[in-house]
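Chemist: Each chain is listed here by its residues.
There are 2 protein chains.
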Amino acid sequence: MPSTDTINRRVVLAARPNGLPKPSDFRLEQAAVPEPGAGQVLLRTLYLSLDPYMRNMMDPVAPIYTTSIPIGAPIAGGTVNRVVASKHPKFGSGDLVLGNAGWQDYALSDGSDLVPLGDMAKPSLALGGLGMPGFTAHVGLLDIGEPKPGETVAVAAATGAVGSAVGQIAKLKGARAVGIAGGADKCRYAVEELGFDACIDRRDPRFAELLAAACPDGIDAYFENVGGEVFDAVLPLLNVGARVPVCGFISHYNDQALPPGPNRTPLLMSALLQKRIRMQGFIILDHYGERFETFRREMGAWVEQGRVKLREDRVDGLENAPEAFIGLLQGRNFGKLVVRVAE
Amino acid sequence: MPSTDTINRRVVLAARPNGLPKPSDFRLEQAAVPEPGAGQVLLRTLYLSLDPYMRNMMDPVAPIYTTSIPIGAPIAGGTVNRVVASKHPKFGSGDLVLGNAGWQDYALSDGSDLVPLGDMAKPSLALGGLGMPGFTAHVGLLDIGEPKPGETVAVAAATGAVGSAVGQIAKLKGARAVGIAGGADKCRYAVEELGFDACIDRRDPRFAELLAAACPDGIDAYFENVGGEVFDAVLPLLNVGARVPVCGFISHYNDQALPPGPNRTPLLMSALLQKRIRMQGFIILDHYGERFETFRREMGAWVEQGRVKLREDRVDGLENAPEAFIGLLQGRNFGKLVVRVAE
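Residue numbers (the numbering used here), protein chains in the order written: chain A, 1 to 343; chain B, 1 to 343.
I should point out that these hints are in silico values taken from the structure, not numbers from a laboratory. Any given hint might turn out to be false.
[Claimed, not checked] Footprint (simulated), chain A over chain B, 3 or more residues, beta carbon under 8 Å: (1) 101 to 111; (2) 182 to 190; (3) 280 to 289.
[To be verified] Just a sample of chain B residues kept apart from chain A, beta carbon distances all over 12 Å, derived: (4) Ile7; (5) Phe292; (6) Gln305.
Please read all numbers here as calculations on a predicted model, not as lab measurements. Where is the CB? At the ideal position from N, CA and C, for every residue including glycine.
Input sequences plus hints: build the corresponding full structure.
Modeler: Shown next as structure tokens:
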């Protein structure tokens, strides 16, 4: 059933996933639409963002920068919402806002987590290239990766929400952009539409060899968002003085245990030392405030001028969120994955 | 036999070590004392520095910042030398210099690698706390580790040439210093003589637990020079925003292959990300020049004022260098290891 005025459909965590989530780990429920109290607004969800970090919140012990979703609670997530009732002085009925309603039709907010979107023409972009994922690319690449003209920047998930922004920003800064993606279609898109200089299919049996050939001068900045075999192939290509912003490592999010041996940590340490590499983790939540305004101004202009293209992979219907999310963890999305929950 | 005026004894690489070097991997040879040509000086070795990096140079493929020692060639190494004959305009017979004569009584130099030591009272310190190892501690801790007053700094090999300087500099900068060392004697010395706030014996079966207890507020900067199990115990104690200068990892220098599984790389990546850790390798050779003068001035004053203590572990006789070096790789030295080659 679609979103209605009278019922709050919500997708809750039915069971903690073992490895890759299964459809039965989620449950679609119906509840009453809540009433806003004093100082609150009632939000209706128009778009729901699906992002890899949500997988970490489904584990019993979540990473320290976030929380574990209780069994039976709605999955958390960023959303574009319409205010449908307000008892808050700063928000009026009809306002379009960026919120954190999670995987449900309706949610209450005290307004502290809402960002007004005005009359934004394509508000779902506030969940992608003009929102958290784009901001992640901007901060990680520019503040930690520090690409210089003529250098080579590599990034995986090159057509995804973050990777596509990383590659296009790298190009705007005068660097060579080498993408890594799953499948020939995505690779073609990265080169032909997004302007990457090369894009290598990580499923190709000759992946490591092809990546090396695409980086004849090595890699000066590698934006790490996948880990695993991609990282293993990148490591020997890193140049002296390379920078590695660590944003995530989706290839391990479903791991139930550490991967089998050998223990490759000494290889990493040895590369860090020999090549004087700087590797730095960052959590985008730390960087909002002043830095977000810089991003919005700069990225907004690039998008308006057509210098950065944002591809959206849109799924219709809240009930399809679980399957779409499972696909995201397998790299089945093509562009920033959003669910259209209501018109 | 001791160093003489007529014979050049030299310790050459007889065979490439498999794992920990054996005495038979070295050979003591005698050769004629060479004659300096135009623009050259003849150096007589007074002190020879033994340092872990030498192990890497004995492998067939050395790290990119150095070279592999050919079979049959003298082992390389920093030395304190007396100029005994000079055909170089800038050096005169009798000059005391810091050089790179390697494991031998005599060597020629064109002067480009020599640093005059003037009438330095204890010239062997130019191989330790006032030389490369002290400089390594100074650059790694201050430029990458960036300790702030009240923070906790941890370092292994706490009574060694580098670690002892790291801990004492950390204290001078207002941080808490927690050392890790092999054995109760060394730990006592680190606390009672060097002023570390705590020092944990890495051989204690409860090592990880004791280290955690000694760092109740976590670790803000970890100076990495050992790797292996010490690093495994440090990793969970690192605080959000921690800095990890990577200077070496002596625990792996004798490895013949990667350690057995599981592959712990995802643990490291996860910690880097969750705790926004900055990990950065450095090679001290990159930092000479202006930065070395800053170090010499600052460290020289600290040593003169008795605010930094430098302990030397002195071995007599070039012929004893191989055994002393093998002991260094096992942590048997207690303080900066130097060989006194001649008076």
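Chemist: With reference to the structure, classify each hint as holding or not holding.
Modeler: Structure-based check of each hint:
no., hint, verdict
1, 101 to 111, "violated (count 0)"
2, 182 to 190, "violated (count 0)"
3, 280 to 289, "holds (count 5)"
4, Ile7, "holds, 38 Å"
5, Phe292, "holds, 17 Å"
6, Gln305, "holds, 32 Å"
Against the hints set out earlier in the document, violations occur for numbers 1, 2.
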